Structure formats: structure tokens, C-alpha cells
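Q: Those protein sequence lines, which keep their order, are chains E and X. Just so we're aligned, residue 314 is where the first sequence starts under the working numbering, counting upward by one. Just so we're aligned, residue 217 is where the second sequence starts under the working numbering, counting upward by one.
These aren't lab readings, by the way, just hints derived from the structure by calculation.
Only some residues are given here: those of chain X computed to face chain E with a beta carbon under 8 Å: (1) L264; (2) F266; (3) P290; (4) L292; (5) Y294; (6) L299; (7) Y302; (8) T304; (9) L305; (10) E309; (11) Y313; (12) I317; (13) G318; (14) G319.
Over the 12 Å line for every Cβ pair with chain X, so calculated as not near, a few chain E residues: (15) N389; (16) F431; (17) R511; (18) F582; (19) V591; (20) F598; (21) S646; (22) E660; (23) L682; (24) V765.
Since the model is a prediction, treat every value here as computed from it, not as a measurement. Ideal Cβ positions, reconstructed from N, Cα and C, are used throughout, including at glycine.
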Amino acid sequence: MFTYNFKYELKSLLRSKWLLLLSLTLLIVVLFAGYNGKEKVEKRVSGLERVTSEVKEKDNAMLKILDSFEKGIKTNQNPRTLPSAPMNVAYGYPRVAAIPAKALTFIATGQSDLFTHFVKPSVYGDSFSMDYTELANPVQLLFGTFDLAFVIIYILPLIIIAFSYNIFSEEKEYGSLKLLASQPISIYQWLLQKTALRFFWLTLITLVVIVITLLFFGFEFGSNFSSFIQLISLVVAYILFWFAVVLLVNILVNNSAKNAVSLLAIWVFVILIIPAVVGQMANVFYPIPSRTKMISEVRELKEELSKKQDKILDNFLRDHPEYATKNGTKNYSFWHKYTASQDLIEEELKPLIDSYETQLQKQQEWVKLWQYSSPAIIMQQSFNNLAHTSTAHYQEYRSQVAVFSKEWRNFFKPLLYSNKDFTTSMYKELPSFKYEAPKSNSVILKVVILLVFSLIFLSIGRQIFNKKIGKGSVIV
Amino acid sequence: MIKTSNLTKKYGDFTALENLNIEIKEGEILCLLGANGAGKSTTINLLLNFIAPTSGSAYINGLDVTKHPKKTKPYLTYIPENLMLYPTLTAIENLDYFLGIGGKSFSKTELRSFLGQAGLQEEAFEKRVQYFSKGMRQKVGIALAIAKEAKVLLLDEPTSGLDPKSSNEFGELLKNMKLANVAMLMATHDIFRAKEIGTHIGIMKEGVLKHHFLNDDITLQDLEKVYLETMTVNEEAL
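Please put together the full structure from these sequences, using the hints given.
A: Written as C-alpha cells, this is what we have:
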């Protein structure tokens with residue numbers, strides 16, 4: 314039976330132009346999504362390249378000045394901004410702390426359009442509480458970004474529904490089911506084979522289209538083979554899930570119009586309602602304090618502390634006698650006071666920052682816990698992880714920047730207090746930032762969960778089919 | 217070949233078929249006459265095991281259709297009122313498909329021969345059936361029976377909606393099948409066609425087989441009279 318089903322299902326699909334239409338639609342949509350994602354990544358990469366080259370140019374100029382200064386050659390450099398003064402380097406020559414784009418970053422925008430992907434944490438500023446763009450296109454916020462993740466999670470199920478909503482009901486309504494059922498075959502097996510063949514063709518087309526898109530946008534399969542396999546496994550499992558739903562609805566409802574409405578209702582529920590409810594619940598249970606309020610509180614606290622800078626410096630020098638000079642505090646500059654107050658400021662701000670970060674983390678844990686309530690959440694989380702654009706990635710980046718910021722300041726502090734110059738030989742010792750991605754969980758568990766969902770639906774479908782056959786309501 | 221024993225089908229309080237006892241041997245055609253809802257199609261659906269009987273049994277070639285559905289189906293071919301084939305496939309492809317899924321494989325020449333024997337014009341063999349008339353589709357059904365070497369043919373109002381010429385052609389095909397010793401059960405509203413091709417004629421009403429004649433024992437006029445009388449009894453009672 315399978316050979317005949319395979320041969321004639323393919324002939325029917327080709328002659329009805331379904332496969333052609335499906336392939337073209339998917340190719341256009343996926344290529345467009347790939348283009349959108351790639352454009353964002355390229356903008357990000359070029360921005361980073363620009364900043365890195367600016368830093369390099371500035372460093373070269375600085376090294377020239379330092380070299381002249383060390384050789385006693387006069388330069389036109391303003392004495393107040395000479396890089397021999399450590400705090401001038403600490404403030405004026407910051408390093409770039411970036412979260413680089415990965416091979417699959419273009420498949421899912423994730424949090425990358427909300428958070429900045431590079432900063433230049435200087436000795437002065439709020440690098441620990443990195444700014445992020447709060448202004449975004451409201452239409453984009455509503456519908457999300459048209460990237461590959463969006464196409465797979467939102468559009469692909471609609472294509473599956475359009476392709477197969479009447480896979481069984483059509484046979485009954487058209488009248489061919491009776492002729493089929495009068496043959497010595499099991500109708501359930503026949504239906505399963507027909508669904509499996511549709512699943513096969515749609516999966517094949519989707520995978521080919523994805524591979525074309527990846528190739529088109531320069532994805533290197535060799536060095537990113539594991540990510541590619543994970544991506545493909547997720548897509549196949551997700552398609553299988555939707556075909557299992559389609560099969561179940563066809564068996565349960567078995568009326569083309571009602572099937573279409575039921576499947577669309579399921580799509581709305583799984584793709585829109587459940588994720589929205591999970592997100593909303595996260596906000597209700599773990600509300601994040603206002604970012605604006607937090608920034609305003611940070612400023613207030615800083616202002617308050619800045620008024621007490623002399624006292625803070627006294628305390629600091631008491632704690633760090635190695636930095637104290639014989640002349641007391643009167644010769645200490647702004648930078649002495651500022652750097653001395655930074656640890657205290659950070660200490661005072663920690664609970665405020667933590668309240669924000671902790672709530673954000675709790676929200677993430679909540680979503681992680683409830684992600685299995687909807688395959689759409691599973692997929693979005695997995696795609697963001699593969700693309701390195703998840704909230705966890707950006708949280709990790711923020712914390713690494715905060716650590717680096719401190720490291721940068723602490724590098725210059727001894728020079729400042731010991732009144733030493735910054736020299737060309739110290740340049741190589743300057744701290745540099747290297748982002749370490751958090752350990753991501755493999756997608757295997759998520760793929761398995763999607764497969765379990767599919768098997769449950771297939772098994773329920775089988776039970777219902779058997780019951781209906783017993784009642785005689787399948788064929789007639 | 218076809219036998220029912222006290223075959224009954226009830227839907228709640230409604231009795232669709234009550235204690236039907238018929239036997240159709242090789243080369244016999246039983247034409248079941250009756251109004252809509254008389255139980256003709258229910259009988260066929262029970263013989264095909266599309267629905268389960270409430271009580272009684274149905275047999276094809278001596279096998280209980282409920283207990284051995286897959287074993288009985290190779291022996292039979294079913295031609296419904298509207299034989300719906302796959303519109304994007306040609307006549308040959310449709311025939312190949314329906315035979316193939318049932319485990320029978322034939323060469324293209326053989327398939328052409330079956331269609332030819334069923335009376336389908338040669339130029340239609342490679343045409344998609346979406347352009348076929350009802351009569352042409354019914355011929356593909358007959359070709360299916362010929363290819364399967366079916367011993368039983370179940371026909372549910374196969375000539376309704378056919379033009380007189382096509383209906384006549386179809387009748388001739390059934391007569392040929394009769395000569396090939398096929399047992400046939402045909403549900404129909406057409407008294408004249410029943411009298412023309414049936415070896416036996418039954419009249420059903422409200423799920424009960426009211427009359428059963430040997431064709432030779434009754435004239436067309438008498439058959440028509442009995443049929444009309446049977447149909448009007450209840451109306452008078454009302």
C-alpha cells in the first residue's frame with residue numbers, strides 16, 4: 314500500500330500544483346526572513362567593527378603620544394588630556410565590551426533588538442546597569458520580528474493547516490472514502506500513511522528551503538554542524554507536532570470547514586494565547602520595578618553620595634592605607650574621590666539593581682517552567698538559545714560587563730593613588746573584555762518533549778478512530 | 217456468495233433494517249427496490265462492514281464480514297451512486313491505485329484491457345477523471361471488479377442520474393458480469409432496469425424486505441403494481 318500511496322500522493326500533489334505553491338511560498342517567506350535577520354546581524358557586526366577600529370586608531374594615537382612623552386619630545390597634546398595620566402586613559406580610552414553575533418544569530422532576533430550588543434565601559438558611568446533601548450516600533454512589538462524563528466513558529470503551522478486540514482474529511486465529503494474502504498485495507502493505516510507522506514514532503518521542502526537560506530546567507534555548516542543539527546531537529550519535531558494535531562482533528566471532527574476552524578482555534582491558543590498568558594502571569598507574579606524609577610533612584614543615590622565624597626575618601630583611605638599620602642586629603646583630585654566612592658556606590662546600589670535583575674531572573678524561571686505548556690514557547694526559547702539572543706545570554710553579558718567595568722577601574726586605581734604615569738609598556742597589560750557565552754542546554758530534551766506531545770496526539774487519534782469505527786461513523 | 221441471516225440495524229429507537237434474510241448465489245442479481253430510507257443502502261453498508269449490525273450476520277463467500285473484514289473485501293467490488301475517483305489521476309492511474317493498495321499489481325497493458333472490457337473508450341484511458349461523466353466513472357468501477365475478479369458486486373443506485381444510453385450500457389455490463397458468475401446486489405429505484413437485469417427482485421420498506429420474487433415469476437406490470445401498493449399502504453393508514 315505504501316508504494317502506491319507514495320507514488321500517487323506525489324502525482325496528485327504535483328498535478329494540483331500544491332507542492333510548487335508550497336515550495337515557492339516557503340522559499341520566499343524563509344528567504345525574506347533570513348534577509349531580515351541577516352540585515353540586523355550585519356548592522357550589528359558593522360557597528361562593532363566601526364567601534365573596534367575607532368578604538369584601535371585612538372590607541373595608536375595614544376601610543377604615539379606616550380612614546381613621544383617618554384622620549385621627552387614635545388607634542389601638541391593638551392597637558393590635561395595626556396595619556397600618561399592613568400585616569401585620562403581610564404576615562405578616554407575605554408575598551409569595547411561586545412556580545413558578538415554567532416553563526417545562527419540571524420535566525421532569531423530574540424532580545425537583541427532590545428539590548429545593546431556592545432558598550433565601552435569607562436571608569437566613569439553606569440556600565441553595570443547598561444542602558445537599553447526602550448523605544449521600539451510599536452507594530453514590531455505587537456507582531457514580533459519577521460525572522461526565521463517567526464516564520465517557523467507562526468507561519469509554518471498555518472501552512473501545515475492549509476496543506477492538510479481536510480486530509481481525511483475531504484475523502485469522506487468527496488466520496489472516495491467509501492471506495493477506499495471497500496478495498497482490503499485498514500483505513501487507519503491508509504490515513505496514517507497519507508499523513509506521513511504529507512509530513513515527509515512538507516518537512517523535505519522546509520529543510521531544503523532552510524538549507525538554501527543558510528547557504529545564501531553564508532552559514533558555515535562545517536564549523537557549526539551541531540547548531541545546524543539542533544535547528545533541524547527542532548523544526549522536524551515541530552512540524553511533526555502540528556501534523557499530529559491535524560490528524561487528531563481530522564479524526565475527531567471529520568468535516569473540512571469545522572476542521573479548518575478548529576485548527577485555527579488551536580493555532581491561536583497554542584501560538585498566541587498560551588504564550589501571552591504565561592508572559593502575563595510572569596509579570597503578575599514577578600513584576601519588574603520600573604526601569605525609569607530605578608535609573609532615577611540610582612541618580613539620586615549618586616548625588617547624595619557625591620555630597621559626601623570627602624568623607625567617603627577618608628573612609629576609603631582608612632580601609633586602604635597603602636593608598637594614603639602624607640599630605641592628607643587636600644591634594645586628592647576628583648578621580649581620587651570618584652574612584653573611592655565607586656565601591657560604596659555599587660554596594661549601595663546592589664539591592665536596587667538586584668531587585669530588578671532578580672525579578673527578571675524569576676520571570677525567566679517562570680517562563681522556563683511553563684515553556685512546556687506551548688510548543689511555541691519551547692521553539693522560541695530554543696531558537697533564541699541557538700541564536701545566542703536569549704534573555705539569559707544578555708543577562709550573562711550584562712553581568713560580565715559589570716565585572717569587567719570593575720576590573721578596568723581597579724587596573725588604574727593603584728596608578729592613580731601611587732601617582733604613577735601610564736606608560737607604553739602598560740598598554741599590553743590593559744584588561745580586555747571577552748564575552749563567554751553561558752552554557753546552553755541542548756535542545757534534545759525539547760525535541761523529545763515535542764515528540765512526546767505528537768505521540769500522545771497520535772495515540773488519542775488512534776483510540777478515537779477505533780471507537781468511531783466501532784460505532785460505524787467513520788465511513789458512512 | 218452473499219448471505220444475510222436475521223441482519224438487523226438499529227439507531228436508538230429507529231430500525232433501519234430488520235431481520236433481513238437473503239441469499240444471492242453465483243450469477244444471480246438481486247435488485248432491491250424501495251423508497252429512500254427503506255434499508256437498501258443500509259444492507260450494502262452492512263455487507264461492506266462500513267457499519268456494524270445490531271444483530272444477525274452478513275456473509276460474503278461464506279465469511280462473516282464483521283469477523284473477517286479484510287478477508288471478504290478481496291472478493292467484492294462496491295459501486296456507489298457516485299463513484300468518486302481521484303480527479304487529478306487518469307483512469308489507468310486510478311485503477312492502478314485502487315488495485316495496488318489492495319495488493320494487486322498489473323501491467324499497463326492489463327489495466328488498459330480491463331478498462332476496455334468495462335466499455336470505456338480507449339481515448340479516455342489516459343485522461344484525468346475530473347473530465348469524466350458519471351457513466352464513465354462507473355465503467356472504471358466495473359473495470360476494478362473485472363481486474364479483481366470479484367465474485368460479489370454491490371451496487372448502490374448505480375444508474376441513478378445516468379442518461380438512458382449510459383444506463384443501458386451499464387445494464388449490459390452487469391449482464392456480462394452475471395455471465396461471469398458474479399453475484400450482485402443492486403439497490404435501485406428503477407423498476408424497469410431491475411426487471412431487465414435482475415434474476416431476483418426484492419421490495420423493501422421501512423427496513424423490512426416486504427416482497428421477494430424470482431424475475432421470471434412476475435411481469436413488469438405486476439411488479440409495478442405490487443411496488444406501488446407496497447409504497448402506498450402506510451400512506452392510506454395515515
